[in-house]
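K.L.:
Given next are the chains, with one letter for each unit.
Number of protein chains: 2
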Amino acid sequence: MNLAPTFYPRNVAVIGASRTKGKIGHNVVENLLNGGFKGRIYPINPKADEILGLKAYRNIRDVPEDVDLAVIVIPAPLVPSAMEDCAAANVKGVVIISAGFSEIGEEGRKLEDEVVRIARRNGIRVIGPNCQGLINLSANLIAWFGPVPKKKGSVAFITQSGAYGGALISLTNRLGMSFFNVVVSIGNKCDVDEVDLIEFLAKDENIRVIALYIEGLRNGRKFMEVAKKASLLKPIVILKAGRSPEGARAVLSHTGTLAGRDEIFDAAFKQCGALRVYTTEELLDSSLALASKQYAYGDKIVIITNAGGPGAIAADTCRDHNIKLLRLSSKTISELRKLLPPQCAVENPIDVTGDPRPERFEIALRTVLKNEDPSGILLIVIGPLRGGEEVARIIIKYREIYKKPMVVCWLAKEFAGEGPSMVEEAGIPVYDTPERAVFAMASLIRYGMYLRRERG
Amino acid sequence: MNLAPTFYPRNVAVIGASRTKGKIGHNVVENLLNGGFKGRIYPINPKADEILGLKAYRNIRDVPEDVDLAVIVIPAPLVPSAMEDCAAANVKGVVIISAGFSEIGEEGRKLEDEVVRIARRNGIRVIGPNCQGLINLSANLIAWFGPVPKKKGSVAFITQSGAYGGALISLTNRLGMSFFNVVVSIGNKCDVDEVDLIEFLAKDENIRVIALYIEGLRNGRKFMEVAKKASLLKPIVILKAGRSPEGARAVLSHTGTLAGRDEIFDAAFKQCGALRVYTTEELLDSSLALASKQYAYGDKIVIITNAGGPGAIAADTCRDHNIKLLRLSSKTISELRKLLPPQCAVENPIDVTGDPRPERFEIALRTVLKNEDPSGILLIVIGPLRGGEEVARIIIKYREIYKKPMVVCWLAKEFAGEGPSMVEEAGIPVYDTPERAVFAMASLIRYGMYLRRERG
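Chain order of the listed sequences is F and G. Residue 638 in our numbering is what sits at position 277 of the first sequence, and the numbering runs on without skipping anything. Residue 671 in our numbering is what sits at position 310 of the second sequence, and the numbering runs on without skipping anything.
FYI, nobody ran anything at the bench for these hints, they're computed from the structure.
Chain copies aren't distinguished; within one or between two, either way the pair holds.
Straight line, CA to CA, 20 Å or less: simulated EDC-like cross-link-like pairs of lysine to aspartate or glutamate: (1) 382 <-> 775; (2) 699 <-> 464; (3) 384 <-> 775.
These numbers come from a predicted model, not from an experiment.
So here's chain F without its partners, still in its complex pose:
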C-alpha cells in the first residue's frame, strides 16, 4: 500500500477540528492553513458550521468528494468508528494524533488492534496513534501540532518522540536554519513504521537526508534490507536512545520498547551504511552537512583559516574524528610562502592571519586546489571587519570551479555582512564553531567513503 496519498494528498480532513484556540484540533487546522496547503481542507466537527473560515462537516462521510488524508484528534474510544467513516469516504491515509492506545495498557491495546483491522480491511495507511503528526513542506502539508519549521530544507526526520521532533523544529527555527522538509512522528507505529518511511522517503526527490530518532526496531531484518538499499540513494543518520542501562529503562517506560543490545545496533547500522550519531548536535550537524550533497570520497582535507587558535582547535578535532590533514607538496608550500605575507602559516592548517584582505583566502584556495587533490576543504573565517561578502564570493567561486566538498566555520558573523548567508545559499554548510564544522566534514567523509566502498 502506497504512502503517496498520505504525503502528497489532494485534500485533507481534520476529524476533531475545534473552534477553541489552544486545543490541538484547532492548532492542526491553523497549521494546515498557515502552511499554505493547496488542496481543500475539511474540518470535521458535529457541532460546528465553520472553523477558521472553512466550512465544517458533521462527519467525514458528508464531505462531497473522496478524501485522501484524514488527521484524527478525537478521544481514543471514538477512533474506531471514525476509521469506519474514513473508509466510507475513501480515505487513503490517516494520521492519528490522539493518545490513549497501546501506550496506556490492555484496554488501549484493544482499541489500537481494532484501528489496525479496519485500516487493513480498507487499504488505509495509519501514522500513529499517540503522535504529533506529519509535516511535508514539499506538499505544504502541516498535519501537525506544535512548532512548525519556518524555512524549508531537505532533511526528512522520522521520530519516535514527537516532543523531540518539536524541540528540533524549534531549535532550528531559532538558529535560522533551513533544515527540515519532512517530519514524521511515528507514535505507537501501529501500521506505518520507520522501515516503511525510509523506503518511501528514499525515493522522494525532495529529500536529501533521512534522519531518525529511534528507541528500538520491531523488525531488524527488514530494517537492514531496506536501509541498505536506501543508503545507496541518500544518507541515513540515526540517533538511537536506550544505549545505556539507564536509557534502556527510560525507553521501556516511554514507548514500551525493548532497547536491545547496543553493540548489535551498532554493527547493524554500520553494515547497512547508516551513520550513527550520539547527540542532538551531531544529528543536526551531520544532517545539515549531508543535505549539501557534497560527499567526500577520501579522508584528507585542507584547513584554511584566518584565526590561529580556531585553526589549531580544528586540527585537534580532525584527529578525534580520524580525518587526516593533507600534507602539502613543497611546490604548494613555496608558492604560498611567496604569495602570502611572512606572518602567515603555509602548512596545513594554512593560516592567512587576522583581519586579512579577502584576497588572501583566494591565494590559499587557488594555490591548494590547483596543485593538490584534497578530499575536502574546511574554511574558518572570523569577521572580517571588512570584506565578508568578498570572502563569500571567493569561497563560492572555488567551490564551483573545483567541486570539492567545502564546510565553513564562520565566527563573529555579525561583522561579515551577508557573507555567511551567501555561502549557505550556495549550498555550503556554515557552522558556529570549529568542532561542529569538523564533525560535519567527518560526516561527508563517512558517507562518501561508504559509497565508494559499496559502489567500488
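Chain F is already provided as a structure; the job is to place chain G on it using the hints.
P.N.:
Here is chain G on its own, set in the frame of chain F:
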C-alpha cells in the same frame, strides 16, 4: 606588582587613538566610550585635537594627571618610546594590541625584550603585545577591539587566541547569554601570563569561573601551584589546543608554542583541580553551569521531564559522563504513582508526560525532594503550550527551599513565555538540548566532588 590598576584603572589613555572609523585605534576608543567607562579617557594622537568628542593629547606626557592604564595601538617600532612616555606619565599597566613583536621573528623579539626592560624598570605591567585587548565589565572597561559582550556575566576568560575570544563573545551575544565579565587576550604574554591572571582573578569577587584557552604553558610548576590554590576558591575550566600531532603543529606556527605531551597536561590539570574540556561547546556549557555557583557534592541525580524521548537521551548521556541516576525509594515511587496520572513514569527519569499541567512538575519535585537526597536535579521541560511561567515559578521555588543544584533543558522555549528567562534570572542555567544540560550537570559534579575531596 599589582594588576589592580590594569583591571580597575581610574583613567585610560589610548596611544594611537584614531579619528578614522574602521581603524583599531578608533574602535578601541569607541568601545571604551560605549562601555560606559566612568573615569577619564585620553586619546593620544600627535595630529588630532579631538577624537569622538574627547580632547586628544599629542603625547601621554601631556595628560594633566597620572594615567593608570594605557592601551597601545601604534606600529611596533614606536612602542618602546611610547613605553618611556608611559613611565613618565606614571602608568601602572599597558595593554599592547600592536603586532610585529616576537611572533614575527628575531627583529620583533628584540623590540619585545626592550618593552619588557622598560616595563620592569618602571613597575609597569604589560598585557600583550599582539593581542586583542582586555575587557572588565565590572569596571566598565572595554580596552578591546572586535565583538563586545552585550550582557554581563561572571566568567573570566583568558585566551591565547584573541580571535577565539572575539568569536566566543559573538556567539554568546547571538545566543542572548549573560556570560563574560572579564576577557583577556594574552597575546605574546611578554609579561602578564595566564598564571598571573589566575592569581589575580581568583581574588576578584566579581568572577565566579576562570576559563582558559591555552596552547601551552611557560612555567608548569608555577601554574600548578597557583591553579591549585585558585581552584579551591573558584572553578578553573581549560581548553588546551595542540593535543594531537596536527594540533601541535598548528599551535607551533600560531604562537610558537611547544604544545608539550598531552598526557602530562591531563595529569597536571587533574592534580590542581582544573576541569579540562575538549570543545568550544563544553567550554561554554561548563562555565555557564559553574557560574551558577551550584556545586554538586555527589554524583547521583534525578531527572524530571515532560518529554519521554529527551528524557531517555539524557539518561544515556548521564552514563557517558559517569553520572548515576538515583534509585528512588519505594516510598517515593508509590507516592508518585498515587499523585500522577497512570501514563506518567515514576522511576528515575520521572516522566510527567506531554503538555501537562504545571502542577505535575510540582508533584514530582516535592515528592522527590521531601523523601530523597539527590546530588542534583535535571529538569527537561518542553513548551508547554500553557503555563511556562508557572513551571518556572515551581522550579525556582523548590530550588530556594531545598538548595539542590538544578540544571534545566528547556525545549521549544517559544511556547513558554517568560518561563526560561525567569529560571535563568534565578541563577539556574538553561540549555537547549538534553546532552548539553547533562554535560553542565557533570561539571557541577566534577567540581563539587573535587572540593569535597580536597576540603575533606
